[in-house]
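Participant: Going down the list, the sequences are from chains V and Z. Basically the numbering used here = 1-based index in the first sequence + 35. Basically the numbering used here = 1-based index in the second sequence + 1432.
Mixed in with the good hints there might be a few duds.
[Claimed, not checked] Each computed EDC-like pair below joins lysine to aspartate or glutamate, with the alpha-carbon atoms no more than 16 Å apart:
{"id": "1", "chain 1": "Z", "residue 1": "K1544", "chain 2": "Z", "residue 2": "D1528"}
{"id": "2", "chain 1": "V", "residue 1": "K207", "chain 2": "Z", "residue 2": "E1444"}
{"id": "3", "chain 1": "V", "residue 1": "K182", "chain 2": "V", "residue 2": "E214"}
{"id": "4", "chain 1": "Z", "residue 1": "K1459", "chain 2": "V", "residue 2": "D113"}
{"id": "5", "chain 1": "V", "residue 1": "K133", "chain 2": "V", "residue 2": "E119"}
{"id": "6", "chain 1": "Z", "residue 1": "K1515", "chain 2": "Z", "residue 2": "E1487"}
[As the list claims (entries may be wrong)] Computed beta-carbon distance windows for the label pairs:
{"id": "7", "chain 1": "Z", "residue 1": "T1532", "chain 2": "V", "residue 2": "E172", "range": "37 to 47 Å"}
{"id": "8", "chain 1": "Z", "residue 1": "E1456", "chain 2": "V", "residue 2": "Q74", "range": "35 to 45 Å"}
{"id": "9", "chain 1": "Z", "residue 1": "E1456", "chain 2": "V", "residue 2": "L92", "range": "56 to 66 Å"}
{"id": "10", "chain 1": "V", "residue 1": "E294", "chain 2": "Z", "residue 2": "W1445", "range": "38 to 48 Å"}
Since the hints were made in silico from the structure, they are not lab data. Just so it is clear, CB atoms sit at the ideal spot from N, CA and C, and this is done for glycine as well.
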Amino acid sequence: MRSIVLQHMIDNKDHYIEQWRVSFDQLLFSRSESTIKPQYIQDEMKDEFVSVIFDTLTMDRHSRRAVVKRFVERLIHDGWIVSEFIMSLQKLRRIVMKDLSKHYDKDKFVDLSSELEDWLDEQITDLTTEFAKNHEEVKAIQKVALKELSAPLIPVFDKIVVMPLIGTIDTKRASQIMENLLEGIIEHRAQVVLIDITGVPLVDTMVAHHIIRASEAVRLVGAECLLVGIRPEIAQTIVNLGIDLGNFTTKSTLKKGVETALQMTHRDIITNEEPVTGGGLK
Amino acid sequence: MSNHSCIEIANEWGIVSARQAGRELSKDIGFGSVDQARITTAISELARNIYLYTEIGKIDLEEISDNHRNGKARGIKVVASDKGPGIENLRDVMVDGFTTSGGLGAGLPGVKRLMDEFDIESIPGEGTTITTIKWLR
Ligand SMILES: Nc1ncnc2c1ncn2[C@@H]1O[C@H](COP(=O)(O)OP(=O)(O)OP(=O)(O)O)[C@@H](O)[C@H]1O
Ligand SMILES: [Mg+2]
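Chain V with its partners taken away, still in its complex shape (with noise of 0.2 Å):
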């Protein structure tokens, strides 16, 4: 058996559609990272949000979730900010509110009202538990992608990796790279490691230290530590901090850095004499 409220919802969509619709006149739903929203975007999302609540009327709660799971979806994509959708659902209260107290007596009407405040709360509670879980996903896959970004390690041949660094380096990051170091020589069977520190800003003795510490952990599962990139002011405050790097093989260039990984893989670049010529393969 359907709730007479909901009953009471389906017989006067239209006029609680048309009603509410204009109640979210007074509403401007914003999206987080913009202010610019052009009119008829705010009203696509209007629109949809009422077919959202009113189609799902007559639908069970599993079925309704799947509708809200993909609004939300939505929401989130286009960054919408949900809090708004959800005070436009307190609108809709009023409105439903103040014709049930017009049709039904007294009595009848708090029987009537708490059912009506029942079917918000599932309204609510669903479209915050999707927006909440929506989140979470987000913020997992972005935490992969800030685990891939903070310290990639990349092959450029054989038997040598190149992890380039850029930007601050906090706690976190320090860990990070340790980690995706030692996984990468591993996994890559890496000798020679050529840490790139060109687009660090500052080394100070934090990174000094984690840089000395990736690079004994390094040594210990068999392989060689290279720093390169050092910046000639970035070189004069490793001095004057007084931070020893002589167990450090450092080169000033990546591409300086790849010539000495290859000696220390006992590999030599060639010139060529006589220029190749067709450039097919051989």
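Chain V is fixed; fit chain Z with the ligands onto it per the hints.
Facilitator: Frame of chain V; chain Z with the ligands shown alone:
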């Protein structure tokens, strides 16, 4: 009091903010890229010590000028202050390699070398204030 800023150090983000503010101010004053790096590194060390060894503290940055030095000298003053546990033996912590946290122990002696003037005041149980200056040459 033209150029003055104060950055609270309560977490790792504070360290980054202090560094950025220091880099901007030293650039404004006219320091070259090597000195900018020295000043920023010194700020990073002081801020990280606050983050590591105390609950909360702050870094004050200020452009200064000194009329005593023949004519006018300009510089940057960096003051790191906290109400943390303080330092028992000031001589120990200024020795290269002294650390209570398994670090390199290069921070404070390093700051002294990175900057032109260095002064440390600390009362055990009350806190620490480190004042450093770099002059523009
Ligand atoms: N603000 C502070 N309050 C209390 N103790 C401090 C403070 N700053 C430094 N110390 C003490 O002084 C010691 C030396 O500091 P310093 O910065 O020279 O080295 P570190 O922090 O141990 O290592 P590094 O800076 O090389 O990573 C610290 O280990 C800590 O015990
Ligand atoms: Mg330190």
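Participant: That 37 to 47 Å hint for T1532(Z) and E172(V) (C-beta), does it hold up?
Facilitator: holds, 43 Å
Participant: CA of K1544(Z) to CA of D1528(Z), is that 16 Å or under?
Facilitator: Given that 16 Å is the threshold and the Cα spacing comes to 11 Å, the pair holds.
Participant: Take a quick look at whether K133(V) and E119(V) sit within 16 Å of each other, Cα to Cα.
Facilitator: Cα-Cα ~22 Å, so violated.
Participant: When you take the CB atoms of E1456(Z) and L92(V), is the distance between them in 56 to 66 Å?
Facilitator: holds, 58 Å
Participant: Are the Cα positions of K1515(Z) and E1487(Z) separated by 16 Å at most?
Facilitator: holds, 8 Å
Participant: For the pair E1456(Z) and Q74(V), does the Cβ-Cβ distance stay inside 35 to 45 Å?
Facilitator: holds, 41 Å
Participant: Quickly compare the C-alpha distance for K207(V) and E1444(Z) to 16 Å and report which way the hint goes.
Facilitator: holds, 10 Å
Participant: Please verify whether K182(V) and E214(V) have alpha carbons no more than 16 Å apart.
Facilitator: holds, 10 Å
Participant: Range hint 38 to 48 Å: satisfied by the CB atoms of E294(V) and W1445(Z)?
Facilitator: About 39 Å separates the Cβ atoms of E294(V) and W1445(Z), which means 38 to 48 Å holds.
Participant: Tell me if the straight-line CA distance from K1459(Z) to D113(V) falls inside 16 Å.
Facilitator: The given pair, whose Cα atoms are some 40 Å apart, is violated under the 16 Å limit.
In the structure shown, a violation is registered for the earlier hints numbered 4 and 5, in ascending order.
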